[in-house]
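Enquirer: Given these sequences and hints, build the entire structure.
Going down the list, the protein sequences come from chains A and B.
Here the first sequence stands for residues 50 to 451, where the numbers follow the working numbering.
Here the second sequence stands for residues 50 to 451, where the numbers follow the working numbering.
Hint data in this document are derived by calculation from the structure and do not stem from the laboratory.
Be careful, since some hints might not be right.
Note: identical chains are not told apart, hence a pair may lie in one copy or across any two.
[Stated by the list, open to error] Calculated cross-link-like contacts (lysine to any residue; reagent style SDA-like; alpha-carbon spacing at most 20 Å):
id : residue 1 : residue 2
1  : 404       : 366
2  : 157       : 443
3  : 404       : 367
4  : 136       : 101
2 protein chains.
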Amino acid sequence: MRVLILGGDGFCGWPTALHLSARGHEVAIVDDGSRRAIDEELGVGSLTPIAPLDVRLSAWREVSGRAIPSFEFTVGQDFDALVALLKGFRPDAVVHFAEQRAAPYSMKSARHKRYTMAANVGATHDVLAAIVESGLDIHLAHLGTMGVYGYGSAGVAIPEGYLTVQVETAQGWAPREILYPAQPGSIYHLTKTQDALAFQFYARNDGLRITDLHQGIVWGAQTAETRADPRLINRFDYDGDYGTVLNRFLMQAAVGYPLTVHGSGGQTRAFINIQDTVRCVELALANPPARGERVKVMNQMTECWRVRELAQIVARLTGAQIACVPNPREEAEENDLDVDNGRLLALGLDPITLKDGLLLEIAEVARRYAHRADLSKIPSVSCWNAGRAAAATAGAALQAAE
Amino acid sequence: MRVLILGGDGFCGWPTALHLSARGHEVAIVDDGSRRAIDEELGVGSLTPIAPLDVRLSAWREVSGRAIPSFEFTVGQDFDALVALLKGFRPDAVVHFAEQRAAPYSMKSARHKRYTMAANVGATHDVLAAIVESGLDIHLAHLGTMGVYGYGSAGVAIPEGYLTVQVETAQGWAPREILYPAQPGSIYHLTKTQDALAFQFYARNDGLRITDLHQGIVWGAQTAETRADPRLINRFDYDGDYGTVLNRFLMQAAVGYPLTVHGSGGQTRAFINIQDTVRCVELALANPPARGERVKVMNQMTECWRVRELAQIVARLTGAQIACVPNPREEAEENDLDVDNGRLLALGLDPITLKDGLLLEIAEVARRYAHRADLSKIPSVSCWNAGRAAAATAGAALQAAE
Chain A
50 MRVLILGGDG
60 FCGWPTALHL
70 SARGHEVAIV
80 DDGSRRAIDE
90 ELGVGSLTPI
100 APLDVRLSAW
110 REVSGRAIPS
120 FEFTVGQDFD
130 ALVALLKGFR
140 PDAVVHFAEQ
150 RAAPYSMKSA
160 RHKRYTMAAN
170 VGATHDVLAA
180 IVESGLDIHL
190 AHLGTMGVYG
200 YGSAGVAIPE
210 GYLTVQVETA
220 QGWAPREILY
230 PAQPGSIYHL
240 TKTQDALAFQ
250 FYARNDGLRI
260 TDLHQGIVWG
270 AQTAETRADP
280 RLINRFDYDG
290 DYGTVLNRFL
300 MQAAVGYPLT
310 VHGSGGQTRA
320 FINIQDTVRC
330 VELALANPPA
340 RGERVKVMNQ
350 MTECWRVREL
360 AQIVARLTGA
370 QIACVPNPRE
380 EAEENDLDVD
390 NGRLLALGLD
400 PITLKDGLLL
410 EIAEVARRYA
420 HRADLSKIPS
430 VSCWNAGRAA
440 AATAGAALQA
450 AE
Chain B
50 MRVLILGGDG
60 FCGWPTALHL
70 SARGHEVAIV
80 DDGSRRAIDE
90 ELGVGSLTPI
100 APLDVRLSAW
110 REVSGRAIPS
120 FEFTVGQDFD
130 ALVALLKGFR
140 PDAVVHFAEQ
150 RAAPYSMKSA
160 RHKRYTMAAN
170 VGATHDVLAA
180 IVESGLDIHL
190 AHLGTMGVYG
200 YGSAGVAIPE
210 GYLTVQVETA
220 QGWAPREILY
230 PAQPGSIYHL
240 TKTQDALAFQ
250 FYARNDGLRI
260 TDLHQGIVWG
270 AQTAETRADP
280 RLINRFDYDG
290 DYGTVLNRFL
300 MQAAVGYPLT
310 VHGSGGQTRA
320 FINIQDTVRC
330 VELALANPPA
340 RGERVKVMNQ
350 MTECWRVREL
360 AQIVARLTGA
370 QIACVPNPRE
380 EAEENDLDVD
390 NGRLLALGLD
400 PITLKDGLLL
410 EIAEVARRYA
420 HRADLSKIPS
430 VSCWNAGRAA
440 AATAGAALQA
450 AE
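Expert: This is the structure in structure tokens:
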């Protein structure tokens, strides 16, 4: 299969590109380096020393004997380049990771909100319009987020994208299947819910074949392929914007920084290991929807945990302290989460779940590169609104006074 | 009340600005002239001779003694100008018309799809982010469209924005009120459904007070204020992209062009007269939602008609011929539409409905300016997808052969 990976230099895109290449697919990458540019902007970097993309690709060629061509342009801006690449490379599938992926980054300021909105909605729409323009029957697999469902539907097991409801009609109550009512919790999440509407439209209007993978929080850093050579090592983000909760806790433990739990830590989140991410994408590509079928939504997650439970596990394993801090996010302090992930399991996913051994291995990666960490970048300082900002300031003042 | 009208030079924005000014509100306009630039691009113009904005505003000052300051920048691009204007003018309300408003234009080509997506989603998000940035408690009234509901929910009376459904929970079926599941029928409509998600997010995250007016197809051209001086005359669009169905039929009758009905004409649409549009906006501004309340959605329409019924009415009144042409749109040939518009009626709207006298008055406006029409611009040539384009071509070939 020929597969074009948009955002193929990123945390999920890079290991996906390698995995698909290793499995014999003909892979090409588009990336504009925006994720690395954001590192510069924030004055942080991956905890792991990631090689430049060209070095990564040369190393992969040495290690595997397989070439992955790469193209540098911005998906969402250079539309003509995208159409030309689709027509030239003629991919069977496009995997779309080319979006700004951090909720806290999307909430830092008006500028970050506007950037995330334009970059994400623009990129997704360009991909859809470019596929139509190419005239090719390309399967689009998009990385979405479990966050589109929101966390407010207590008591409803989250289905895979669509919800069967009863609506009142002239003939009484009747069942309807609807796109799950979105409750985005940040600008980042908002863009993904807007993407979902665009997918729905293009699938119906132009018959595009689209899979939307609603992914949980990814943990872990390495996959079989990224471990094959130091130059292939994957990103490991630990900063307050891009570091995701479990990886951050493991890194914080490694550097002796108390595990920062937001609020009560009662938020329940869905998780998936990075190795499972790349396998899920492969499974999705092998099982595209038919032409004319509606968008295929799969919940790409393997287990749910409360944030404080994760902190407790990491504290037990490593002896780290736990520090509760005011939550910068506008969200419920506690929520339950019950998710249906039957589709990927039925396709053959054999989940990697949180096990002590695996967690310690990640902590070990973090320890190995602890000297690269800037501890001042660990706190999450992006506040969701004026109220949360005031609470964070008050919390910091209280801490200083103690 | 101080009211800022975004897109205040357009078909709805201009009469709204005048109406609110006439009613004693302090009004200012932002417009970048993009609607007039699109006229240039398409090689068409308003059937009525509209004056440049500065001439319009001078005329209004002469006629009414009231000044309406105007600001020329692009909402969705020049964010700093918007924030500065909000902080300087300190409006109580912003009325947001600053979006590309024609479904056919949004479907003309990949370029037009991309333009509409970026312009509309970008403008709406900038308005929201700018209100947050201003720190002011500004009520935002947005002009949405009935089209966000789609026309697929046969048997369900369309409620005002939200739908009460029964969902299956661990404790059995339970009621939930959800944002009406969107079924956008074009890129234009898609952007409005994406706007709705942005409104939902900003209302919840930042407590913004937002009214979304889901408007039907506007007919008529003049209001009490635009009739007051020839220099105040409103736009009258008749071209295949911007001309809306009833006004187009009246204009076609006036110039002796057969009324072009798409397909069977069985599409049922919601309608509202332009005079009611401006009154609805005034009612919406006088009745904002409370801070912390969810988005207030009102269906801004007064009656429903099938397209072929309108053609028959106009044919009866004027003796015009009816010509059925292949439908360039991807949509159902026939649909029912049952809409709840109780909220604006309860606030005091006294609807202007289709009456022969009023229709003849519009036909008279069209006849007066018929010499300005370019009949070659009447056909709707924007096709929704490859299949509709092929059908249109086949239809034209058949016609040529006959």
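Enquirer: Evaluate each hint against the coordinates.
Expert: Status of each hint after checking the structure:
1. 404 with 366: Intra 11 Å, inter 78 Å, cutoff 20 Å: intra-copy only.
2. 157 with 443: within (18 Å within a copy, 53 Å between copies)
3. 404 with 367: within (14 Å within a copy, 79 Å between copies)
4. 136 with 101: neither (27 Å within a copy, 44 Å between copies)
In the structure shown, a violation is registered for the earlier hint numbered 4 alone.
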